Structure formats: structure tokens, C-alpha cells
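Trainee: Each number in the working numbering corresponds to the 1-based position in the sequence shown with 17 added.
Keep in mind the hints are simulated off the structure, nothing from the lab. On a predicted model such as this, the values are computed, not experimentally measured, just so you know. Beta carbons: idealized from backbone N, C-alpha and C, even for Gly. Each hint should be verified, as a subset may be incorrect.
Claimed, not checked - Label pairs and their calculated CB-CB ranges:
{"#": "1", "residue 1": "24", "residue 2": "105", "range": "36 to 42 Å"}
{"#": "2", "residue 1": "105", "residue 2": "35", "range": "15 to 21 Å"}
{"#": "3", "residue 1": "166", "residue 2": "116", "range": "22 to 28 Å"}
{"#": "4", "residue 1": "200", "residue 2": "22", "range": "40 to 46 Å"}
{"#": "5", "residue 1": "96", "residue 2": "19", "range": "29 to 35 Å"}
{"#": "6", "residue 1": "22", "residue 2": "179", "range": "29 to 35 Å"}
{"#": "7", "residue 1": "164", "residue 2": "119", "range": "17 to 23 Å"}
{"#": "8", "residue 1": "200", "residue 2": "167", "range": "21 to 27 Å"}
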Amino acid sequence: MSIIRLRDCRAMPWKNGMGRTRELAVYPDGAGMDDFSWRVSVAEVDSAAPFSAFPGIDRHIALLDGAGFTMTLDDGQVHALHTPFTPFAFRGEAQVTVELLDGPTRDFNLMLRRERVHGELVLWDVPGRQVVDDAVALIYCAQGHVDTAEGRLLPGDAWLPVRSAGRVTLGAGALALVARVQARGH
């Protein structure tokens, strides 16, 4: 079964040791920080600690819980991550400082090794059937429920679809964050 329950994923320190994350999935299976092609995790941000640097990685982030935070990137770009479930992309090389808006937050993260893969983080927010094509690497239920071929996802659950998985159904009021990943050259 390829349903992953966030509550079953152990908390691990960030690469820089200044926060915690729970890894939902990594490809290839068992890959470490230096050799993954893509990785999905949920991070807990409870202080103004800087983000870890990930050279060669394209990062996508979306707020899950809390008031959010303001990200200041070393190129001067400032992004307020305060609207839940709205993806924001940035380069992993960027030095990112954080200012919490009002207490701890949790955020969803997709990391893509630029030389191997490309992709995006998208929000599915329309109830009913959604097509799961070959680019869908992971579906995360953020709100409500999502019915898959292997069972129902509740908030905090993720599903790794098998190729040609077909369709999933979003319940009324459901929101799903979808990691779309493709090999370079596609």
C-alpha cells in the first residue's frame, strides 16, 4: 500500500540542525540528502531559524498551519508565506531568513534536484474527480478527504500513486497539494 500517514513519519532535524521535518517520500527510495532526485516533507518552523541551503535544488513550499512567516532571500526578494496552501518556488542555493508572523507554523516542501528532474507543486481545490497522470509523484491531503484507488486520505495523509493510477476524488471542501515531477528532457 502506498498511503503514508504523516503521524507515522519520524521527526528529523533539518540539514542545518535548526528545525524539524518529517519526510513523507524520497526518490529513489532510501536516498539521502546528497543523492535524492526529489523529496517531499512537512517542516515545523517554531523559531526564526534560517533555512538550510540546498545547492542544485529547486524548492517549492506551501503553508499548512499557523499564521506563517516572511521569507527574505539573499537576492533581496521578500515573500510573505501567510496564505495557506499557496505554493511558492525558490532556488535551494538562496540564503533564506525567516520572521515568524505569530507563532509556530508547519509547511509542505517539495525539493527537486535540478540536474535530474523538474516539476511543480500545485493545489487541487475543486471537489470531484481529478486525473492522476504520470507526472503526479505524490498527493497530500491538506483538508477534507481524498479518495484514491487504495483508500481514503485524511488531512496529513499522502499517496504515492502507481503509474497509470487513473483518478482520485476530492470530497466537498477538500484541498490537496500535488507534487508533479518529471525527468529532465520530458
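Trainee: Could you run down the list of hints and mark each one as holding or not?
Mentor: Results for each hint:
1. 24 to 105: 36 to 42 Å: For residue 105 against residue 24, whose Cβ atoms are near 26 Å apart, the range 36 to 42 Å is violated.
2. 105 to 35: 15 to 21 Å: Given range 15 to 21 Å: holds, Cβ gap about 20 Å.
3. 166 to 116: 22 to 28 Å: About 42 Å separates the Cβ atoms of residue 166 and residue 116, which means 22 to 28 Å is violated.
4. 200 to 22: 40 to 46 Å: At 28 Å between Cβs, range violated.
5. 96 to 19: 29 to 35 Å: Holds: the Cβ-Cβ distance is about 32 Å, inside 29 to 35 Å.
6. 22 to 179: 29 to 35 Å: violated (18 Å)
7. 164 to 119: 17 to 23 Å: violated (34 Å)
8. 200 to 167: 21 to 27 Å: Once the Cβ atoms are compared, 24 Å apart, the range 21 to 27 Å for residue 167 and residue 200 holds.
Checked against the numbered hints above, the structure violates hints 1, 3, 4, 6 and 7; every other hint is satisfied.
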